[in-house]
Amino acid sequence: MKALCWQGKTSASVERVNDPSILNPRDAILRITRTAICGSDLHLYDGYIPTMEPGDVLGHEFMGEVIETGSEVKKVKKGDRVVVPFTISCGQCFYCKNQMWSACDNTNPNAWIMEKMYGYSGSALYGYSHMMGGYAGGQAQYVRVPFADIGCLQVPDGIDDEKVLFLSDIFPTGYMAAENCDLKGGEVVAIWGCGPVGQFTIRSAFMLGAERVIAIDRIPERLKMARAGGAEIINYEEVDDLVEELKWVTGGRGPDACIDAVGLEAHGVGLAAAYDYSKQRMKMSFDRPIVLRQVMQACRKGGVVSIPGVYGGFLDKIPFGAAFGKGLIFKMGQTHMHKYMQPLLQRVQNGEIDPSFVITHRLSLDEAPEAYKTFRDKQDQCIKVVLDPWKEAAAA
Amino acid sequence: MTITTNLAPKNGEKEFSRRPATSTQEAILTLAAGSALAGLGIWRRGWFGATMGAAGGYLLYCGVRDFQRPYQGRVRVSYTIGKDRQEIYDFASNPQNWPRFMHAIQVENRGNGQFAFSIGEPAGIDFESNVQITDQQAGEHIAWASAEQMLEHRGVIRFKQAPGDRGTEVSVALEYKAPAGPIARALASLVGWGPEQVVRESLRHLKQLLEAGEIPTTKGQPSGARGIRGTAKRIMFREGPSEQAVEQTRMAGD
Chain A
1 MKALCWQGKT SASVERVNDP SILNPRDAIL RITRTAICGS DLHLYDGYIP
51 TMEPGDVLGH EFMGEVIETG SEVKKVKKGD RVVVPFTISC GQCFYCKNQM
101 WSACDNTNPN AWIMEKMYGY SGSALYGYSH MMGGYAGGQA QYVRVPFADI
151 GCLQVPDGID DEKVLFLSDI FPTGYMAAEN CDLKGGEVVA IWGCGPVGQF
201 TIRSAFMLGA ERVIAIDRIP ERLKMARAGG AEIINYEEVD DLVEELKWVT
251 GGRGPDACID AVGLEAHGVG LAAAYDYSKQ RMKMSFDRPI VLRQVMQACR
301 KGGVVSIPGV YGGFLDKIPF GAAFGKGLIF KMGQTHMHKY MQPLLQRVQN
351 GEIDPSFVIT HRLSLDEAPE AYKTFRDKQD QCIKVVLDPW KEAAAA
Chain G
1 MTITTNLAPK NGEKEFSRRP ATSTQEAILT LAAGSALAGL GIWRRGWFGA
51 TMGAAGGYLL YCGVRDFQRP YQGRVRVSYT IGKDRQEIYD FASNPQNWPR
101 FMHAIQVENR GNGQFAFSIG EPAGIDFESN VQITDQQAGE HIAWASAEQM
151 LEHRGVIRFK QAPGDRGTEV SVALEYKAPA GPIARALASL VGWGPEQVVR
201 ESLRHLKQLL EAGEIPTTKG QPSGARGIRG TAKRIMFREG PSEQAVEQTR
251 MAGD
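From first to last, the protein sequence lines stand for chains A and G.
Reminder that position 382 of the first sequence reads as 382 in my numbering, one-by-one numbering, no gaps.
Reminder that position 15 of the second sequence reads as 15 in my numbering, one-by-one numbering, no gaps.
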């Protein structure tokens with residue numbers, strides 16, 4: 001089959017590799033119909049996630065048709081149309097049973113690496129480095145889905161692929177980020193980053209009762225999309241001091257909840273940003289926690305800091321005194337996908353939201369290496385790339 | 001080293017030292033520093049000399065104790081398995097199940113509570129360990145010991161009810177004396193054969209098998225060309241040997 005393989009820092013290529021096969025009794029094989037490039041794939045592309053190896057198949061947002069099932073797969077049947085969450089969960093351990101799916105104990109074959117780095121290992125992910133399990137990803141024509149009965153969400157006929165594809169990651173991730181803010185109605189929520197997750201966070205915050213959403217970015221088309229979603233917008237390059245600006249527009253209180261939908265590759269202005277850039281370039285740090293600092297500084301007393309953005313290592317110059325002094329609440333982590341997929345599918349079916357609004361590029365798998373670059377450099381007004389692994393490349 | 005074979009838990013008595021193992025070099029260093037300090041103290045005299053002498057004496061005592069310590073390494077691993085204690089014990093105590101979860105190990109039952117363990121799969125390692133079950137109490141613990149030249153070891157696996165309906169805490173405590181030094185041990189860990197790793201992965205596999213019904217794997221999955229370094233690391237990531245990408249029949253069918 002054709003698959004997009006990571007080849008090293010800022011290098012990926014479409015290669016012919018073996019088709020996946022059933023390796024364990026609870027596996028299924030999918031013929032992928034649609035797959036997407038996620039913002040977190042860019043962290044891999046830029047080489048910030050350790051234990052990636054050349055040849056690793058990328059991709060963790062995909063859906064498709066079941067073409068083969070293992071002997072212990074009971075619910076999912078050949079021919080089912082399914083969307084698969086990016087976290088792999090067993091469904092049987094303490095964490096799965098208590099709705100903390102992304103903390104699953106039993107799916108990471110390389111758990112010992114994460115135990116060395118983080119103390120404990122979370123669930124495995126598709127196509128996201130060997131310490132996260134090393135499972136081959138879904139920017140390919142076929143994929144193996146372990147624990148298929150737990151992982152596959154059956155999609156009813158009559159809904160477009162594009163409407164349900166994002167149940168695989170960014171919609172639930174944005175939703176959980178908003179849910180973590182513990183909204184009761186009437187709050188002001190500030191969201192850093194208007195990429196795809198940020199866009200879903202804006203809409204989810206309104207669904208959950210936020211009165212005002214303030215979206216922060218610097219890319220015009222992303223701010224435009226945020227405004228279309230009902231948010232007020234701030235271009236951080238155009239204001240003197242973002243924290244002061246947020247204080248100004250919230251009557252001096254500060255936002256009730258602040259969401260960091262950016263993560264470890266934050267851009268920024270000023271001295272702190274320059275410091276983080278040089279540190280990362282010198283390989284002294286994986287992370288550039290510019291946004292995290294702002295979020296902690298800007299949040300109102302006793303407010304919630306919700307972090308869907310990905311961080312990987314040891315963070316520097318974090319204003320923990322501010323966090324303690326204001327009594328902030330922190331919520332973060334990989335999305336507990338399985339908890340949200342069914343209810344969010346229901347919202348899509350009810351017509352409350354059409355997740356395909358975020359798509360700007362529809363390409364073939366062969367065009368994926370180019371698309372990574374376009375997406376990362378935010379060229380061509382790119383916000384979200386969806387790939388059809390079976391489409392022939394458009395003649396250039 | 002003679003091994004005391006009975007590791008059954010005794011009331012109020014620890015069967016393992018809580019201090020980490022010390023290498024011979026460390027013990028020699030401690031002894032050297034101790035005698036130097038003690039000698040200096042005697043030479044200096046006075047209250048300062050007395051303090052130095054006392055410190056030196058303590059170091060000498062530590063060094064001698066380290067030399068006498070009857071083991072070189074120690075492993076303690078514990079996982080909570082969300083199953084009934086009896087169910088886990090029944091599964092884990094059945095020798096027929098051992099190759100299913102013990103990290104790439106083959107077992108031969110020699111009767112009378114004696115078993116021969118050998119590394120099956122990886123080529124080139126000729127390793128066998130004869131193990132004697134020394135104590136066993138249904139649903140509680142199994143203790144074992146082995147007095148082989150290659151790797152002396154003794155250990156105990158315990159089963160304990162976890163609080164709050166979380167299942168059973170299964171723990172393995174093991175001490176061993178291996179002929180190789182710390183460098184060889186580090187090398188062994190790199191390819192998944194460090195004593196701690198073997199115990200940890202075996203216990204993890206037991207948990208995965210009982211809870212999820214299978215041990216997760218990526219062995220045999222597709223990947224692009226790995227290059228030399230990537231191929232070497234396959235061992236570390238347990239992906240199995242590299243396979244050549246070949247044209248598939250399914251491609252032609254679609």
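By construction, these hints were calculated from the structure, which means they are not laboratory data.
Treat the hints loosely; a few may be bogus.
A short, non-exhaustive set of chain G residues, derived as facing chain A with CB atoms under 10 Å [unchecked claim]: (1) ALA54; (2) GLY57; (3) THR217.
List of simulated lysine to aspartate or glutamate pairs, DMTMM-like, C-alpha gap at most 25 Å [claimed, not checked]: (4) LYS116/A with GLU169/G; (5) LYS83/G with GLU115/A; (6) LYS219/G with GLU72/A; (7) LYS77/A with GLU196/G; (8) LYS74/A with GLU169/G.
Restraint ranges, calculated between C-beta atoms of paired labels, are given here [what the hints assert, rightly or not]: (9) PRO50/A with GLY46/G: 49 to 59 Å; (10) ILE235/G with GLU115/A: 14 to 24 Å; (11) ARG110/G with LEU23/A: 44 to 54 Å; (12) ASN98/A with SER78/G: 43 to 53 Å; (13) ARG110/G with SER11/A: 36 to 46 Å; (14) LYS160/G with LEU23/A: 32 to 42 Å; (15) ALA225/G with MET284/A: 25 to 35 Å; (16) GLU115/A with TRP47/G: 43 to 53 Å; (17) THR231/G with MET284/A: 44 to 54 Å; (18) LYS160/G with GLY186/A: 43 to 53 Å; (19) LYS279/A with PRO99/G: 43 to 53 Å.
As the structure is a computational prediction, the values presented were derived from the model and not from experiment.
A virtual CB, placed ideally from N, CA and C, is assigned to each residue, including glycine.
Against the structure shown, which of the earlier numbered hints fail to hold, in ascending order? Structure breaks hints 1, 2, 7, 8, 11, 12, 13 and 17.
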